[in-house]
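Residue numbers (the numbering used here), protein chains in the order written: chain A, 180 to 427; chain B, 18 to 441.
Don't take each hint at face value.
Claimed, not checked - Between beta-carbon pairs, the in silico distance windows are: (1) D336(A) / R33(B): 47 to 55 angstroms; (2) A402(A) / Q432(B): 39 to 47 angstroms; (3) W390(B) / G196(A): 38 to 46 angstroms.
What the hints assert, rightly or not - Sample of chain A residues with no beta-carbon within 10 angstroms of chain B, all distances over it, derived: (4) S205; (5) T247; (6) L267; (7) K394.
Because the hints were derived from the structure by calculation, they are not lab data.
Positions of the beta carbon are idealized from the N, C-alpha and C atoms, including for glycine.
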Amino acid sequence: MTAHAISVQGVSKIYPGGVHALDGVSIDVRPGEWVAIMGPSGSGKTTLLSILNGLDKPTSGRIQVLGTDTHGFGPDDWAVFRRENIGLVFQQFHLIPYLTAVENVMLAQYYHSMPVREQALAALERVQLAGRGHHLPSQLSGGEQQRVCIARALINDPKIVLADEPTGNLDEENEARVLELFRALHGEGKTLVVVTHDPEIGCAGERIISLSHGKVSKDSATAAGARLATVGGPPGSSGDPCATSAHA
Amino acid sequence: MLSRMLLDSLGRRLSRKALSVLAVWIGLTLVLALLSLSVDVGDKMNLELRSFGANITVEPLASAIPVQVGGHRLAPQTVPSYFDEAELPKLKAITFFWRNNILGVAPRLRASGLVKGQVVPLVGVWFDVPITTGSEPLVTGARQVYSHWSVQGAWPTRADQCLVGSAVARKLALSPGDTLTLVAGRGEVALSVAGVVTSGDGDDGAVIAPLSTVQGLVGAPGKVSSADVSALTTPENKLAEKYRQDPRSLTPDEYDRWYCTPYPGAVAKQVQDLIPGSAARVVRRVSETQGMVFSRTKGLMALLAAVTLVVCGLSVTGILAAAVLERRPEMALLQAIGARRADVLVLFLAEMAILGVAGGVLAAFTGPLLGRWLVSVVFGSTADVHLAVVLIAPFLGLGLAWAGGFWPVWKAVNQDAAQVLHGG
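The following block holds chain A by itself, in its conformation from the complex (with noise of 0.2 angstroms):
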């Protein structure tokens, strides 16, 4: 049984020339749980999540997801364990561009077993991209974009989706799609962590973890955690963050 979906114990990262992005951070994510990373440009919190997804190697500390230690995991170890349960959603996007929306889709699924093109445009439809299939991104709006980028992620029905920033680039409308996307992963089940400066991102999910010059300087439950944390115990520190930062 595994107690957690991703387990960090005493994450460093000193990148060439002595910078540290990461000191020391422990933190632990149940199962089924979304939680916000925040904090100030240059806190570390990209490269925790590079770290998470294993596209970056700590310099120090144990990483455990879904109950495997990726210790002494290589690049190829990673892609494996990426392609068999981990969802990526980037700021930018990264579709590949001579592809098609459908076919951007079909790409991760071709990596992780065989690409079924009525299964990519299903994950499509339910991003509300139905009849957008054949478009190339350059024909495409960027939420539009980040709306494939999504399908993409979660086409191998992946147990953890890792967001960078995934509104970062999106107008409010579309931001709001995003947000509702990830409500129903959430109510899904799925393990969410997403990197965010969006306060309304950040304070929809259970709980943030805030990072300053790379330590985790606050982990707390927001009022959706808390409501959770009636029945199953507090995810972190008391106090919601959002009361005062939802709409700073």
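Position chain B relative to chain A; hints supplied.
Same frame as chain A, now just chain B:
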């Protein structure tokens, strides 16, 4: 999916793709031209090197017996011996295996005579004699075999004309247009000096007359003392060397291989078998010089081709490295969504393979054409398009693209994917 990605990817950034194909095309065109040239260079060089003289000498068996006193061969002087001139056309007969390798024959009848009261060596040779036996008519003689002879005046065209060696001409004050009276054997004959020859060897001290004239003078009709043969041969290798040192050391298979390869020794052996009572020996200096020049020229061609290939590979590397650099985010993304490094490598190498093969196929047409042109410029003759060179071109293109592209792609798949995806 992979094929779709390949096709879609190839359709983008056409100018960069075209540049890659162009680099492979131009580079391989040069390489294939040099390869074509190196394939042809053997035959062409051999033809050119005929100017060094004959590479096989045929003598009567009796005069070939090594009778030496104080290091001097005495057999020819002590026992005048001949073989039949009529045997020589057999060298171009259809029944002779190496007939197509025989480029020229110059029989000699050696004697001595008196000119202006001075004893001078007399040599009877062929001047432009047609050999009609066999499938290919051949006009041959001293003029063809001794193309290194420098003749002041003209070559003899009639039986009453002769050449005089430059030393004799100086000694007896003879020049082209003069008439000399030659006394030899049982008679004398008046010969017109057509030209003065400088050969750089013993012929400079001789009077060189038509063979039939000398045969008549010395009373040896239809006889020759020796014959110099110019043959197209291949440079000797270890097998030929092994035969030369001890023919009995060759296994039957080795002997068959030696016998069916135009080594100077193998051709000489079969010439000797063809002409009864003769002994054929290789003029080692000439054939070794030919072999050395041939080997060095071929080596130079191979070196040039290799250097061209390396330069071409470097330019392809540069172009592909730039292309890969542009597509680092794409590679990082593929890894982020679950592609292993090998998967990404395969995808990009497949794309490079298509570009390389395309360049190779184009070069398969242009390379041999350039090679033909080079042969015509360098040797003044035509060259065949070699099928092997054409067939190897796409594979060379493939190899070149992979050799040039592997390192940039390998570096890119081992990049810091997180940094690339964040715009680093």
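Hints versus structure:
A C-beta distance of roughly 38 angstroms is found between D336(A) and R33(B), which places it outside the suggested range of 47 to 55 angstroms. Taking 39 to 47 angstroms as the suggested C-beta distance range, the pair A402(A) and Q432(B) conforms, at roughly 42 angstroms. Checked against the given bound of 38 to 46 angstroms, the beta carbons of W390(B) and G196(A), roughly 58 angstroms apart, lie outside it. No beta-carbon of chain B is positioned within 10 angstroms of the beta-carbon of S205(A); the least distance is around 21 angstroms.
Taking the minimum C-beta to C-beta distance to chain B, about 16 angstroms, the non-interface status of T247(A) holds against the 10 angstroms cut. Remark: the non-interface label on L267(A) conflicts with the geometry, its nearest Cβ contact in chain B lying 5 angstroms away (cut-off 10 angstroms). Residue placement check: K394(A) keeps its beta carbon more than 10 angstroms from all beta carbons of chain B (closest about 20 angstroms).
Hint check: violations occur at hints 1, 3, 6; the rest are consistent with the structure.
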